[in-house]
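Q: Add chain A to chain S, keeping to what the hints say.
If you want the building blocks of each chain, they are given just below.
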Amino acid sequence: MNVPGLRMEQVQFEAIRRHGEAAYPDESCGVLLGRSGEDANTVVDAVPASNTRTDSAHNRYSIAPQELIRIQRESRQRGMDIVGFYHSHPDHPAHWSKTDLAEAHWFGCSYVITSVMGDGVTNEDERTARCRAVETNSFLLTGTGEEDKRLETQPLEVAAPTPATANA
Amino acid sequence: MQIHIPTPLRPYSGKQSVVHVAAKTVAEALTALTSQFPDLRKHLYTDEGKLRAFVNVYLNDEDIRYIDHKENAPVKESDSLSIIPSIAGGTPVAETPVHATAPAAAALTPEEMGRYSRHLILPEVGEAGQLKLKAARVLCIGAGGLGAPLTMYLAAAGVGTIGMVDFDVVEASNLHRQVIHGTSDIGRSKLDSAEDSLRAINPNTKIVKFETKLTSENALEIFKDFDIVADGTDNFPTRYLVNDACVLSGIPNVYASIYRFEGQASVFATEDGPCYRCLYPEPPPPGLVPSCAEGGVLGILPGLLGIIQATEVIKLILGQGEPLVGRLLLVDTLAMRFRELKLHKNPACPACGTHRTVTKLIDYAEFCGIPPKSAEPAAVVNCVPQMQVTELKRRMDAGENIFVLDVREPYEFAIAQIGGHLVPLGDLPQRVQELDPNREIVVQCKSGARSQRAAEFLAQNGFKRVYNLAGGIIAWSDKIDHSVAKY
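Top to bottom, those sequences are chains S and A.
If you read the first sequence in numbering that gives the first Met the number 0, its first letter stands for residue 0, the second for the next number, and so on.
If you read the second sequence in numbering that gives the first Met the number 0, its first letter stands for residue 0, the second for the next number, and so on.
One or more hints might be untrue.
[Stated by the list, open to error] Result set (DSBU-like, lysine-lysine): computed pairs, CA atoms no more than 35 Å apart in a straight line:
no.: 1; chain 1: S; residue 1: 148; chain 2: A; residue 2: 478
no.: 2; chain 1: S; residue 1: 97; chain 2: A; residue 2: 14
no.: 3; chain 1: A; residue 1: 478; chain 2: A; residue 2: 212
no.: 4; chain 1: A; residue 1: 478; chain 2: S; residue 2: 97
no.: 5; chain 1: S; residue 1: 148; chain 2: A; residue 2: 205
no.: 6; chain 1: A; residue 1: 314; chain 2: S; residue 2: 97
no.: 7; chain 1: S; residue 1: 148; chain 2: A; residue 2: 49
no.: 8; chain 1: S; residue 1: 97; chain 2: A; residue 2: 49
no.: 9; chain 1: A; residue 1: 341; chain 2: S; residue 2: 97
no.: 10; chain 1: A; residue 1: 212; chain 2: S; residue 2: 148
It should be emphasised that the hints constitute simulated quantities derived from the structure, not laboratory data.
Since this is a predicted model, take the numbers as computed values, not measurements.
For reference, chain S alone in the conformation it holds in the complex (with noise of 0.2 Å):
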């Protein structure tokens, strides 16, 4: 069985891929807003969110509920869903780590992971200048509680910019 994708525009794209670059050595996060369908889910609004993990943040990252919440009742107003979560791992591959999979429980959502290499030089503040994000890659929830969860490899679609209408 094919694992449904995700859907968004370079816009949410490039929004996540640069949140995580300026992060770094930090850990970025935020919510993804959107609407979710049987084939995939469609990212609308990539949210920034604060890591509230101040005590690590460099590998680790929490969202706030609170924060969650607000958001929530945002997307609500506006017609939306949460439909995932987006995080960095700096200096690190684009790929879920066991805390990711052991703290990820929003089955049905997408977890979308971008990797920042900083560059090469010791001092922290010249790597911090010259980080760049590297690869984004993004896994589904699946599963049917705590017992059988998986992170799944999920194709991530990144559309070209939609031409603006004359109204929009």
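A: Showing chain A alone in chain S's frame:
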């Protein structure tokens, strides 16, 4: 009141995003919700009936855990309750301490792009993975049978820094398995020879040589600049030393060992996994497990095991796949069978358990029951007097009536012998009546280890005048007669 259902739980709430219930308290609201949708229960509560740790329940904008009366807080019809599973995660860094301190490598050069192109097109490696490899620092203990394929493949794969600890020189008897050295390297330092081979494979790799014996004094200092240690040692004191130093330094220990036709491999000393001491709390008595020099080894075997080690090292660096943590891989090359044993972290382990007693490096030779080597050769070991080869030669030349007992195997006897009477160690208990308990007997083997055990056996069985020939046939060849072949 309203209860907002998050996306992942909607399959269990009849696809509704908002459920209306009548309730006076938060607890009543949740009970009303789960009685209306029983499938929601297991997603919200543990088997013990507690709200799952990752499920947050908010009354309007307040977490119910922090409001007065908590779950029993009163609610009004206009209130809304939100169920919010937590959103968190993290990079693999906290699971395996690889790269905890290493900066990410610079971008790949065009030369490297070409060299690693078959890695780069693997999604599991890719450019990000290749940069990890480039930034990685791996320390190999020993540049011998395991170290040879291990370091050659790590260099080829693009590991940025390879450290090597060894203080031996290349001997002819190494060449049937230590493929990093060639015939022309005989007599050279193993590290210099290995460095040449690795440079020829990949000039991008930085080689750091530690031409020294690994000791309790220098181990932590050497380990501190590396992310992963690969143990290719051939003796128990160093193996325990490597394990303990890895646990103390928080560095994974990628382990393999070999014996004749069989080998084993595992990954020890990761944060959650067992260490070598969890598997073997105590070392075997000295002499029980022969070294390669004593017991022989199939030349290919360390190649096979060294490459398993290299594979595990690469996986740890990439954070890919399932590492050999908590598993002991057993390889039998004669049957060509691979088996696996489950290993468990021992909570009572003195090195990595909950009450650790190994808080610094100890005297590992003593721990393994090996007597300290003094400048003077020991006169008596375990009640068995030791005879030097020069003394035996003098007494033989003087025509003394002395009986030399050779406890090696017949095929060894065929290679070289010094006129001893052959009774292999394993046959000794059945054939002991062939020997005269009142005669002076000098027991001899290749290096003096098996003959020591044979002499101890004879002494316990009433033989009064038994000696062990210190250094065995090797010492005889070195000091008395070079024409006796060393093998």
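Q: Just to be careful, I want the Cα atoms of residue 212 of chain A and residue 148 of chain S compared with a cutoff of 35 Å; is the pair within it?
A: Given that 35 Å is the threshold and the Cα spacing comes to 48 Å, the pair is violated.
Q: Are the Cα positions of residue 148 of chain S and residue 205 of chain A separated by 35 Å at most?
A: violated, 42 Å
Q: Take a quick look at whether residue 314 of chain A and residue 97 of chain S sit within 35 Å of each other, Cα to Cα.
A: Roughly 14 Å between the alpha carbons, so the hint for residue 314 of chain A and residue 97 of chain S holds.
Q: Take a quick look at whether residue 148 of chain S and residue 49 of chain A sit within 35 Å of each other, Cα to Cα.
A: Distance of about 20 Å is within 35 Å: holds.
Q: Checking one constraint from the list: CA of residue 148 of chain S to CA of residue 478 of chain A, max 35 Å. Satisfied?
A: violated, 69 Å
Q: If you draw a straight line from the CA of residue 478 of chain A to the CA of residue 97 of chain S, is it 35 Å or shorter?
A: violated, 60 Å
Q: Between residue 97 of chain S and residue 14 of chain A, does the CA-CA distance stay at or below 35 Å?
A: holds, 30 Å
Q: Would you check the hint for residue 478 of chain A and residue 212 of chain A, treating anything up to 35 Å between C-alpha atoms as holding?
A: Since the Cα atoms of residue 478 of chain A and residue 212 of chain A sit roughly 26 Å apart, the hinted pair holds (cutoff 35 Å).
Q: Given the hint that residue 341 of chain A pairs with residue 97 of chain S, test it: the Cα-Cα distance must not exceed 35 Å.
A: holds, 20 Å
Q: Going straight from one Cα to the other, do residue 97 of chain S and residue 49 of chain A come out at no more than 35 Å?
A: holds, 24 Å
The earlier numbered hints that this structure contradicts are 1, 4, 5, 10.
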